[in-house]
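Enquirer: Residues per chain, in single letters:
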Amino acid sequence: GQQVMQIPQYQHVQEGEDFTTYCNSSTTLSNIQWYKQRPGGHPVFLIQLVKSGEVKKQKRLTFQFGEAKKNSSLHITATQTTDVGTYFCAGYNTDKLIFGTGTRLQVFP
Amino acid sequence: NAGVTQTPKFRVLKTGQSMTLLCAQDMNHEYMYWYRQDPGMGLRLIHYSVGEGTTAKGEVPDGYNVSRLKKQNFLLGLESAAPSQTSVYFCASSLGYGYTFGSGTRLTVV
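Quick note, the sequences are listed as chains A and B, same order.
Quick note: the first sequence, position 19, residue 19 per the numbering used here, numbers continuous.
Count along the second sequence from 1, then add 1000; that gives the number in the numbering used here.
A portion of the hints provided could be inaccurate.
Capping the alpha-carbon separation at 27 Å, the derived lysine-lysine pairs in DSSO-like fashion look like this [what the hints assert, rightly or not]:
no., chain 1, residue 1, chain 2, residue 2
1, A, Lys36, B, Lys1057
2, A, Lys96, A, Lys36
3, B, Lys1071, A, Lys70
4, A, Lys96, B, Lys1057
5, A, Lys96, B, Lys1070
6, B, Lys1014, A, Lys96
7, A, Lys96, B, Lys1071
8, B, Lys1057, B, Lys1070
Just so you know, these hints were derived from the structure itself, not from any lab.
All chains should be built: construct the whole structure from the sequences, respecting the hints.
Expert: Given below as structure tokens:
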């Protein structure tokens, strides 16, 4: 079946440093979504990417969808303590999302 | 507007007991999903529904059953709980773009 892998599993950064998480799918995706889960909370939808090579920005967050539609990345510029949490990518397969394993981000002040 | 509501929030079961987790959404979403989240495993899809009266198996359906008798409700049942079912269970709903998750049910099976 479809698999979605994310790296790294954990990332610790100093506040102000940049952060990137990478997502790779074993199959071509129709679209990819990104979610953030704060510690003790539930996943919250951030964004959806649909087109090959698409790049979207949300303030300090930049999302990219690969040309082959099998990989994606999330880059955070100048991290803040409010960025702490686990970031999940999720690949859309027909009528359901398959989530990646997530990257846990810790930001030290 | 409550969004997605899950009940209960916490539950402890003994091995072999049964229980039902309730998910209710007030957004008129067609699609509803049950996921379980375990440390280091991400979110794994248990069962899902693309509309009232429909259900389908996800990645890890064994030991669970579901029903979607009303559009706004999606029930997850455990007929005979096992320690391997200790997890955090999340319900989600969608119109096909971006999932809205409930706050989760933390289930411990002893």
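Enquirer: What are the numbers of the hints that this structure violates, sorted from low to high?
Expert: When the structure is compared with the hints, numbers 3, 6 turn out to be violated.
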